[in-house]
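J.: Residue numbers (our numbering), protein chains in the order written: chain B, 730 to 1138; chain E, 730 to 1138.
These are computed hints drawn from the structure, not numbers from a lab.
Errors might be hidden in some of the hints.
Said to hold, decoys possible - Which residues of chain B face chain E? A partial, calculated answer using Cβ under 10 Å:
{"id": "1", "residue": "ALA807"}
{"id": "2", "residue": "PHE809"}
{"id": "3", "residue": "LEU853"}
{"id": "4", "residue": "ASN854"}
{"id": "5", "residue": "GLU861"}
{"id": "6", "residue": "ASP863"}
{"id": "7", "residue": "GLU885"}
{"id": "8", "residue": "ILE889"}
{"id": "9", "residue": "HIS893"}
{"id": "10", "residue": "LEU900"}
{"id": "11", "residue": "PRO903"}
{"id": "12", "residue": "SER913"}
{"id": "13", "residue": "ASN920"}
{"id": "14", "residue": "VAL1043"}
{"id": "15", "residue": "TYR1059"}
{"id": "16", "residue": "ARG1061"}
Stated by the list, open to error - Listed next, the stretches of chain B that the computed footprint assigns to chain E, with coverage defined by at least 3 CB atoms under 8 Å from CB atoms of chain E:
{"id": "17", "stretch": "875-883"}
{"id": "18", "stretch": "1103-1114"}
Unchecked claim - Simulated restraints on C-beta separations:
{"id": "19", "chain 1": "E", "residue 1": "ASP1090", "chain 2": "B", "residue 2": "GLU816", "range": "51 to 59 Å"}
{"id": "20", "chain 1": "E", "residue 1": "ARG812", "chain 2": "B", "residue 2": "GLN1079", "range": "53 to 61 Å"}
{"id": "21", "chain 1": "E", "residue 1": "ARG812", "chain 2": "B", "residue 2": "GLU1024", "range": "44 to 52 Å"}
{"id": "22", "chain 1": "B", "residue 1": "VAL1053", "chain 2": "E", "residue 2": "HIS1047", "range": "48 to 56 Å"}
{"id": "23", "chain 1": "B", "residue 1": "VAL788", "chain 2": "E", "residue 2": "GLY895", "range": "30 to 38 Å"}
{"id": "24", "chain 1": "E", "residue 1": "VAL801", "chain 2": "B", "residue 2": "GLN1056", "range": "44 to 52 Å"}
{"id": "25", "chain 1": "B", "residue 1": "ARG1095", "chain 2": "E", "residue 2": "ARG731", "range": "50 to 58 Å"}
{"id": "26", "chain 1": "B", "residue 1": "VAL977", "chain 2": "E", "residue 2": "THR1065", "range": "57 to 65 Å"}
{"id": "27", "chain 1": "B", "residue 1": "GLY1014", "chain 2": "E", "residue 2": "ARG812", "range": "45 to 53 Å"}
{"id": "28", "chain 1": "B", "residue 1": "GLU1024", "chain 2": "E", "residue 2": "HIS1058", "range": "39 to 47 Å"}
{"id": "29", "chain 1": "E", "residue 1": "ALA1111", "chain 2": "B", "residue 2": "GLN839", "range": "26 to 34 Å"}
{"id": "30", "chain 1": "B", "residue 1": "VAL1053", "chain 2": "E", "residue 2": "GLU1057", "range": "39 to 47 Å"}
C-beta: ideal position from N, C-alpha, C; glycine also.
Protein chains: 2
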Amino acid sequence: MRILVLGGDGYLGWPTALHLSRAGHEVGVVDNFARRQYDYEMGVDSLVPVCQLQQRVRVWEEVSGLRLATFVGDLTDATFVSRVLREFRPDSVVHFAEQRSAPYSMIDRQHAVYTQVNNVVGTLNLLYAIAEIDPTIHLVKLGTMGEYGTPNIDIEEGFIEITHRGRTDVLPYPKQPGSFYHLSKVHDSHNIMFACRIWGLRSTDLNQGIVYGQETPETVLHPDLATRFDYDGVFGTVLNRFCVQAVVGHPLTVYGSGGQTRGMLDIRDTLACVELACTNPAEPGEYRVFNQFTESFSVGQLAEMVVDAFPGRVEVEHLEPPRVEKQEHYYRAAHTKLLDLGLVPHLLNQSTIASLLAVADRHRDRVDPAAIAPTVQWRSTASTLFTAGSPVSAGSRPTGTREAETSEA
Amino acid sequence: MRILVLGGDGYLGWPTALHLSRAGHEVGVVDNFARRQYDYEMGVDSLVPVCQLQQRVRVWEEVSGLRLATFVGDLTDATFVSRVLREFRPDSVVHFAEQRSAPYSMIDRQHAVYTQVNNVVGTLNLLYAIAEIDPTIHLVKLGTMGEYGTPNIDIEEGFIEITHRGRTDVLPYPKQPGSFYHLSKVHDSHNIMFACRIWGLRSTDLNQGIVYGQETPETVLHPDLATRFDYDGVFGTVLNRFCVQAVVGHPLTVYGSGGQTRGMLDIRDTLACVELACTNPAEPGEYRVFNQFTESFSVGQLAEMVVDAFPGRVEVEHLEPPRVEKQEHYYRAAHTKLLDLGLVPHLLNQSTIASLLAVADRHRDRVDPAAIAPTVQWRSTASTLFTAGSPVSAGSRPTGTREAETSEA
Chain B
730 MRILVLGGDG YLGWPTALHL SRAGHEVGVV DNFARRQYDY EMGVDSLVPV
780 CQLQQRVRVW EEVSGLRLAT FVGDLTDATF VSRVLREFRP DSVVHFAEQR
830 SAPYSMIDRQ HAVYTQVNNV VGTLNLLYAI AEIDPTIHLV KLGTMGEYGT
880 PNIDIEEGFI EITHRGRTDV LPYPKQPGSF YHLSKVHDSH NIMFACRIWG
930 LRSTDLNQGI VYGQETPETV LHPDLATRFD YDGVFGTVLN RFCVQAVVGH
980 PLTVYGSGGQ TRGMLDIRDT LACVELACTN PAEPGEYRVF NQFTESFSVG
1030 QLAEMVVDAF PGRVEVEHLE PPRVEKQEHY YRAAHTKLLD LGLVPHLLNQ
1080 STIASLLAVA DRHRDRVDPA AIAPTVQWRS TASTLFTAGS PVSAGSRPTG
1130 TREAETSEA
Chain E
730 MRILVLGGDG YLGWPTALHL SRAGHEVGVV DNFARRQYDY EMGVDSLVPV
780 CQLQQRVRVW EEVSGLRLAT FVGDLTDATF VSRVLREFRP DSVVHFAEQR
830 SAPYSMIDRQ HAVYTQVNNV VGTLNLLYAI AEIDPTIHLV KLGTMGEYGT
880 PNIDIEEGFI EITHRGRTDV LPYPKQPGSF YHLSKVHDSH NIMFACRIWG
930 LRSTDLNQGI VYGQETPETV LHPDLATRFD YDGVFGTVLN RFCVQAVVGH
980 PLTVYGSGGQ TRGMLDIRDT LACVELACTN PAEPGEYRVF NQFTESFSVG
1030 QLAEMVVDAF PGRVEVEHLE PPRVEKQEHY YRAAHTKLLD LGLVPHLLNQ
1080 STIASLLAVA DRHRDRVDPA AIAPTVQWRS TASTLFTAGS PVSAGSRPTG
1130 TREAETSEA
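Model the full structure from these sequences, guided by the hints.
T.: Shown next as structure tokens:
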């Protein structure tokens, strides 16, 4: 198949591109390097050094003999989006190219507006370009399990059958997202569902859980193929961050009681799920939702697992919760559709955590402890970011750079 | 109370401002005249001549002795929004200031993006300004019954109790909006609900039905106080349009079978509902939804009522449906919350239609028959607009003018 990976320079976009390339697909990568720009804005950096896209692509060709097409540009530029689709003529478009950090979206008004405009307009442009150029292109869109929030009933995969006053219908699952970022994904989902209805487009919305891990079978083939690894308070995801904290002797920072429970998955399963979605496309006119995670854990459980796996002493520190979310809640979410398509999950165990700790240990000299604390407060309309120990007020949105991967910070 | 009416120069915003003013409230009006700009873009005009805002405000003072504060500017300009809230210090903000036509949002990509960015960013700016300046300000937001679509179960007011696999929760009612405009209102609703949750804001979301009528007790006091009356294929709403068609001898244009059923209300009830929402505010932190309509009718029923009321012969013409919507469907929607607050509805009857026909007849010389046909096709990504008999391609979005009233075209 011909598969275009939008946001293909990011944490998940890059290893997804390599995985699909090695699996025999013709792969194109689109990025505007917004994710790299956020690092400049925040004064932080990936724990693992990452090469520039052009260098990565060169090394991949040397290592594998396989070529990746590259396109540099912004999805909010409709002309660019049309040009790329016309040139590459994909069978599937995998769309990671959104601002994907909840804390980043909650910094202040500018960052909230930037996140929603960037994500919603990029996806609208994509929908129009697909409808105009080739409505059979299958859009594989990265959503998030965070769209659902934490209802007191089971979470289904996108739709729920409701019987009400003696009548029954299958309706979109009600959404209770917890940040302006998560809201942007809900807006996208509604827009995509509508585009499938009126134009007969086909789309799979992957409501992904929190991803952990950094190495994949392809990225380990050469140091220049590594993908990024974020541990900071804005872009770092929970398990990755805990492993870095353990290695540098920092207490594991649990927000509140740690009862918050979320669906999670191994980075290698992300790649497998995306490929399964591409090779088993939605029908014309179909909008379908897969819940893309393999196991649920509470934040407290994850902290315990890292404490157990780490060959030394680790403290756990409970911080005042920066987010507005339930500390203790019911959580049970369906996730059978990808298993039905053949997904064989990598479940979280001591050896997974040991390999994450090893990655963190190899790069421990690059850790900036000041970047770890949560600096963005949900109840504030203008958080002050602290980087490298000194206060830096929230910058305005990065100009000309509007794209990042979806991996749910 | 001190009440700020955003979009206060529009079809409903203007009579709402007058109604609230006469009811004894201190009223401020905010507008950027985007609705007037759309007329230039489309080459159409209100059937009833409307004065400029400054003249209307002068005449209102002469007629009533009451002053309206005016603010000219754009909600997508956050500095302007903050300045107005700081200067006027409202108790309630009534927010009509959005692009409100479904066909307009479906013209092409630019109009879809404009509608969603304009509406979502304007509302985000407002939420941030309220949170920062005075979180006790009550936001009365105009939404639409079209957010719900036409589910096969009863529509409730914003939330629904769902029992699923033995557990129960009250969740946001699932949304199935039918245009990029309706989608923008769904996005707004989710954003507002979240802002109430994290910042303790208070908001009432008025999911309004289709409004008919043109005269209110205040607008009839002087010709210069008239509000606009749209009959064109893009901004005209169904009953208003039918009355104009009857008067000029044009067949009533029913889209498809005419089985599409919608909640509707008299323009005078809109004013009463908005006042009831303001004077009975939501609690701090509360996001509540009122379904703001009084009766449901199918399009075919409305056509029949106009045929019966018109003192002459009227044809009904069934057009190929331009929208993607169910022609025949179940429709039953709750609307008791405003009645519980004391709303006494003006129900639709022969005399209401007679008075609408009289308005149309007074201005029949101003009707442009070429403006009536539906020119925007939902299944097309780029509709060509026909105005005054000659094709005009869809313009790009109006610059610097981004605001209009919500009355559900």
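J.: Range first: 26 to 34 Å. Now tell me if the beta carbons of ALA1111(E) and GLN839(B) are that far apart.
T.: 32 Å, holds
J.: Given the hint of 50 to 58 Å, check if ARG1095(B) and ARG731(E) actually sit that far apart at their C-beta atoms.
T.: 55 Å, holds
J.: Can you tell me if the stretch 875-883 of chain B counts as covered by chain E, using C-beta to C-beta distances under 8 Å and a minimum of three residues?
T.: This one holds; 4 residues, not fewer than the three required, reach chain E with a Cβ under 8 Å.
J.: Could you check if ARG1061(B) really has its C-beta closer than 10 Å to a C-beta on chain E?
T.: Result: holds, 9 Å to nearest chain E Cβ.
J.: In this structure, is the beta-carbon distance linking ARG812(E) and GLU1024(B) contained in 44 to 52 Å?
T.: 51 Å, holds
J.: Next item in the hint list is ALA807(B). Is there a CB on chain E closer than 10 Å to its CB?
T.: Interface hint status for ALA807(B): holds (6 Å vs cutoff 10 Å).
J.: Do the Cβ positions of VAL1053(B) and GLU1057(E) conform to the proposed distance bound of 39 to 47 Å?
T.: 43 Å, holds
J.: Against chain E, with CB atoms and a cut of 10 Å, does the hint on GLU885(B) hold up?
T.: 8 Å, holds
J.: Given ASP863(B) as an interface hint, is its Cβ closer than 10 Å to any Cβ of chain E?
T.: 12 Å, violated
J.: Min Cβ distance, ILE889(B) to chain E: is it shorter than 10 Å?
T.: 7 Å, holds
J.: Given TYR1059(B) as an interface hint, is the shortest Cβ-Cβ distance to chain E below 10 Å?
T.: 7 Å, holds
J.: Is the interface hint satisfied for SER913(B)? The criterion is a beta-carbon contact with chain E at less than 10 Å.
T.: 9 Å, holds
In this structure, the earlier hints numbered 2, 6, 14, 23 are contradicted, and the remaining ones agree with it.
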